[in-house]
Amino acid sequence: MIDVKTVTKRYNGTVVVDGVSLSLPAGGVISLIGANGAGKSTLLSIISRLLPMSSGTVEIDGLDVTTTPGEVLARRLSILRQDNQIMSRLTVEDLVAFGRYPHSKGRLTDEDRGHIRNALRYLDLEPLAGRFLDELSGGQRQRAFIAMVLCQDTEYILLDEPLNNLDVKHAVAMMKLFRRTADEFGKTIVLVLHDINFASCYSDRIVAMRDGRVVHQGPPEVIITPEVIHDVYGVEAQVMENAGQRIALYYQ
Amino acid sequence: MPADRRILSPTVVLGGLSALTLLSIALFMTLGARGKWDFILAFRGTKVAAMVLVGYAVAVSTVLFQTITNNRILTPSVMGFDHLFRLIQTVLVFQFGSGLVASLDPRLRFGVEVASMVVFSGLLYWWLFNGAGRGDNRRSLHLLLLVGIVFGVLFRSVTGFLQRVIDPNEFLTVQDRLFANFNRVDVQLLAVSALVVLAVSLAGWRWMRTFDVLALGRDAAINLGVEHRRAVMGVLVMVSILVSVSTALVGPVTFFGLLVANLAYLVVRSHRHALILPAAVLLAVLTLVAGQLVLERVFGYNAALSIVIEFVGGLAFLFILVRGSAR
Numbered sequence: 001m002i003d004v005k006t007v008t009k010r011y012n013g014t015v016v017v018d019g020v021s022l023s024l025p026a027g028g029v030i031s032l033i034g035a036n037g038a039g040k041s042t043l044l045s046i047i048s049r050l051l052p053m054s055s056g057t058v059e060i061d062g063l064d065v066t067t068t069p070g071e072v073l074a075r076r077l078s079i080l081r082q083d084n085q086i087m088s089r090l091t092v093e094d095l096v097a098f099g100r101y102p103h104s105k106g107r108l109t110d111e112d113r114g115h116i117r118n119a120l121r122y123l124d125l126e127p128l129a130g131r132f133l134d135e136l137s138g139g140q141r142q143r144a145f146i147a148m149v150l151c152q153d154t155e156y157i158l159l160d161e162p163l164n165n166l167d168v169k170h171a172v173a174m175m176k177l178f179r180r181t182a183d184e185f186g187k188t189i190v191l192v193l194h195d196i197n198f199a200s201c202y203s204d205r206i207v208a209m210r211d212g213r214v215v216h217q218g219p220p221e222v223i224i225t226p227e228v229i230h231d232v233y234g235v236e237a238q239v240m241e242n243a244g245q246r247i248a249l250y251y252q
Numbered sequence: 001m002p003a004d005r006r007i008l009s010p011t012v013v014l015g016g017l018s019a020l021t022l023l024s025i026a027l028f029m030t031l032g033a034r035g036k037w038d039f040i041l042a043f044r045g046t047k048v049a050a051m052v053l054v055g056y057a058v059a060v061s062t063v064l065f066q067t068i069t070n071n072r073i074l075t076p077s078v079m080g081f082d083h084l085f086r087l088i089q090t091v092l093v094f095q096f097g098s099g100l101v102a103s104l105d106p107r108l109r110f111g112v113e114v115a116s117m118v119v120f121s122g123l124l125y126w127w128l129f130n131g132a133g134r135g136d137n138r139r140s141l142h143l144l145l146l147v148g149i150v151f152g153v154l155f156r157s158v159t160g161f162l163q164r165v166i167d168p169n170e171f172l173t174v175q176d177r178l179f180a181n182f183n184r185v186d187v188q189l190l191a192v193s194a195l196v197v198l199a200v201s202l203a204g205w206r207w208m209r210t211f212d213v214l215a216l217g218r219d220a221a222i223n224l225g226v227e228h229r230r231a232v233m234g235v236l237v238m239v240s241i242l243v244s245v246s247t248a249l250v251g252p253v254t255f256f257g258l259l260v261a262n263l264a265y266l267v268v269r270s271h272r273h274a275l276i277l278p279a280a281v282l283l284a285v286l287t288l289v290a291g292q293l294v295l296e297r298v299f300g301y302n303a304a305l306s307i308v309i310e311f312v313g314g315l316a317f318l319f320i321l322v323r324g325s326a327r
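As they're listed, the protein sequences go chains A and B. The first sequence lines up with residues 1 to 252 when you count with the working numbering. The second sequence lines up with residues 1 to 327 when you count with the working numbering.
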């Protein structure tokens with residue numbers, strides 16, 4: 001369980017995350033939505049200890065993220081931010097193998113190799129395993145980074161806009177993969193998403209933020225309504241129901 | 001361009017570099033030898049040992065510095081080490097005169113130089129990481145670099161000023177000290193330096209795989225459980241000790257670290273420091289020994305080693321840049 005208590009983040013007086021308290025139970029897919037600058041990415045970075053908070057605490061299964069040793073957290077929680085630039089000359093397989101570092105500190109065991117193979121297969125990267133990252137398209141690279149994070153095999157997986165750069169086919173495959181990872185392996189996956197319809201179709205729970213605060217949270221049936229969408233994004237939307245899934249139309 | 005990828009495996013590259021380095025050392029030891037062998041070998045052996053040590057220190061410090069800054073065109077010299085060294089030399093001669101400086105115990109001077117460079121960088125890191133390090137430490141690393149550059153400029157300006165007002169004869173003495181020189185290395189200092197470098201290397205040895213992770217960048221390193229701030233601090237301390245020792249031993253050899261680090265990335269084509277570091281060290285030793293060989297046999301000592309290295313190195317570096325942008 002991820003337990004966020006009155007977390008605030010300020011940059012020179014500008015409040016980006018404003019006293020957020022949030023409790024996310026283990027298991028399932030959780031989407032964070034909200035307009036640009038609502039504080040979603042910042043909150044995700046704070047939860048994953050990439051960014052120190054100005055005040056408040058975050059606990060992962062009772063472990064305080066600011067005081068727990070990094071290597072302990074790295075076996076329990078993984079994070080992928082946007083814009084991953086790497087200086088080293090790495091192949092896809094090298095990158096994915098780094099996901100095993102928290103477990104084996106760079107000396108790969110047979111079990112590690114199994115995880116690496118599975119991660120490559122799940123993300124459809126087997127044909128690209130020997131390619132260097134700088135020879136890949138943006139979408140292929142994005143998949144390689146997600147493979148690394150899945151290979152880390154942590155209870156909690158936090159991803160900041162994982163659908164960036166992905167075409168429709170790979171975006172759907174990615175969301176299905178997250179759904180399956182959560183259902184079959186009991187992982188907790190927290191995503192920052194811009195496409196509210198992906199959030200609607202694949203999440204167990206949606207958390208909506210505005211101006212640094214959590215304004216709504218609940219299952220898709222509660223969040224994907226014209227009123228809530230208007231409240232979060234300030235746009236008029238129609239909501240249709242199709243095969244039990246709620247789709248928001250906001251294009252006009 | 002899949003065709004030219006991994007033509008040579010890293011093992012072959014390292015083997016080839018080792019062979020070339022040994023060959024250049026053998027040539028350096030034997031070429032143009034006249035007189036008693038036991039004298040020649042001991043005399044040239046000291047020079048070779050100094051070059052191996054300095055090559056090692058410069059290569060390792062540059063690669064590690066680039067790893068923690070995630071930038072391949074930086075060298076530790078942007079932190080102002082070279083300029084501080086020049087300032088110390090100039091101030092010594094300015095204050096006490098070249099006669100007294102020359103009669104000074106070399107061990108004392110070496111100790112003072114190393115200590116002041118390490119203390120300077122230590123204070124800088126301490127201030128940034130404890131005093132000013134309120135934000136996330138990615139920003140403080142950039143701030144650290146910036147402050148280092150500003151200090152470097154300050155040192156250079158003060159040095160320039162002192163050199164203008166100094167006695168012209170004294171100025172010549174100073175200038176001579178400001179170029180890397182392997183011809184006047186003190187054996188005792190060499191042994192002390194070797195011990196220091198060995199100690200630093202042993203401390204860094206168990207971090208070999210952590211370096212690979214640090215090269216992925218701050219966020220990825222933290223995600224993989226590396227205590228980023230502590231690791232970066234540790235590497236900075238190692239780098240400053242290595243640079244201080246090698247600079248105090250022979251003088252500034254700035255540019256050359258950048259060259260060998262980038263050549264190493266180019267020939268090894270791997271992310272693993274266990275391969276990159278040895279390649280960079282071998283390239284550094286090879287460059288120094290070959291450069292010194294050219295200096296002694298072709299120019300008959302009528303130039304400075306840094307001139308030879310920077311001429312060849314500059315061309316090589318331009319070549320790398322042009323090739324890199326063409327890719």
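In case anyone wonders, no lab produced these hints; they're calculated from the structure. Virtual Cβ for every residue (Gly too), placed ideally from N, Cα, C. Hints are supplied without guarantee of correctness; some may be wrong.
Far from chain A, by Cβ distances over 10 Å, these chain B residues were calculated [what the hints assert, rightly or not]:
#, residue
1, Ala220
2, Val226
3, Tyr265
4, Ser270
Computed footprint of chain B on chain A, listed as stretches where at least three residues anywhere in the stretch have a Cβ under 8 Å from a Cβ of chain B [said to hold, decoys possible]:
#, stretch
5, 19 to 33
6, 36 to 42
7, 165 to 174
8, 199 to 206
Label-pair ranges, simulated between beta-carbon atoms [said to hold, decoys possible]:
#, chain 1, residue 1, chain 2, residue 2, range
9, A, Lys105, B, Leu198, 23 to 31 Å
10, B, Leu146, A, Arg121, 19 to 27 Å
11, B, Asp105, A, Lys105, 44 to 52 Å
12, B, Trp37, A, Asp110, 31 to 39 Å
13, B, Leu318, A, Gly37, 27 to 35 Å
14, B, Val165, A, Val15, 29 to 37 Å
15, B, Leu321, A, Asn12, 35 to 43 Å
16, B, Val237, A, Gly244, 43 to 51 Å
17, A, Asn164, B, Arg72, 51 to 59 Å
18, A, Arg113, B, Ala274, 56 to 64 Å
Hints versus structure:
Separation of Ala220(B) from chain A is inadequate, the least Cβ-Cβ distance of about 7 Å not exceeding the 10 Å criterion. A cut-off of 10 Å between C-beta atoms contradicts the statement that Val226(B) is not in contact with chain A; the least separation is 6 Å. A beta-carbon of chain A is positioned within 10 Å of the beta-carbon of Tyr265(B); the least distance is around 7 Å. Not every C-beta of chain A lies more than 10 Å from that of Ser270(B), the closest at about 7 Å, which undercuts listing it as non-interface.
Counting residues of the stretch 19 to 33 of chain A whose beta-carbon sits less than 8 Å from any beta-carbon of chain B gives 0, not enough to reach three: the coverage restraint is violated. Under the rule that three or more residues need a Cβ within less than 8 Å of chain B, the assignment of the stretch 36 to 42 of chain A is violated, with 0 such residues. For the stretch 165 to 174 of chain A, the proposed coverage by chain B is not satisfied: 0 residues have a C-beta within less than 8 Å of a C-beta in that chain, short of the threshold of three. Under a criterion of three residues with beta carbons nearer than 8 Å to beta carbons of chain B, the stated coverage of the stretch 199 to 206 of chain A fails, only 0 such residues being counted.
For Lys105(A) and Leu198(B), the hinted distance range of 23 to 31 Å is satisfied, since their beta carbons lie about 24 Å from each other. Roughly 45 Å separates the CB atoms of Leu146(B) and Arg121(A), a value that falls outside the hinted 19 to 27 Å. The hinted range of 44 to 52 Å is satisfied by Asp105(B) and Lys105(A), whose Cβ atoms lie roughly 46 Å apart. The hinted window of 31 to 39 Å between Trp37(B) and Asp110(A) is violated, with their beta carbons roughly 55 Å apart.
For Leu318(B) and Gly37(A), the hinted distance range of 27 to 35 Å is not satisfied, since their beta carbons lie about 44 Å from each other. The beta-carbon spacing between Val165(B) and Val15(A), approximately 54 Å, falls outside the hinted interval of 29 to 37 Å. The given range of 35 to 43 Å is respected by Leu321(B) and Asn12(A), whose C-beta atoms sit roughly 38 Å from each other. At roughly 60 Å, the beta-carbon separation of Val237(B) and Gly244(A) lies outside the given 43 to 51 Å, and the hint is violated.
In this structure the supplied range 51 to 59 Å is violated for Asn164(A) paired with Arg72(B), their Cβ-Cβ distance being about 26 Å. Checked against the hint of 56 to 64 Å, the C-beta distance between Arg113(A) and Ala274(B) comes to roughly 19 Å, which is inconsistent with it.
In terms of the numbered hints stated before, the structure departs from hints 1, 2, 3, 4, 5, 6, 7, 8, 10, 12, 13, 14, 16, 17 and 18, listed from lowest to highest.
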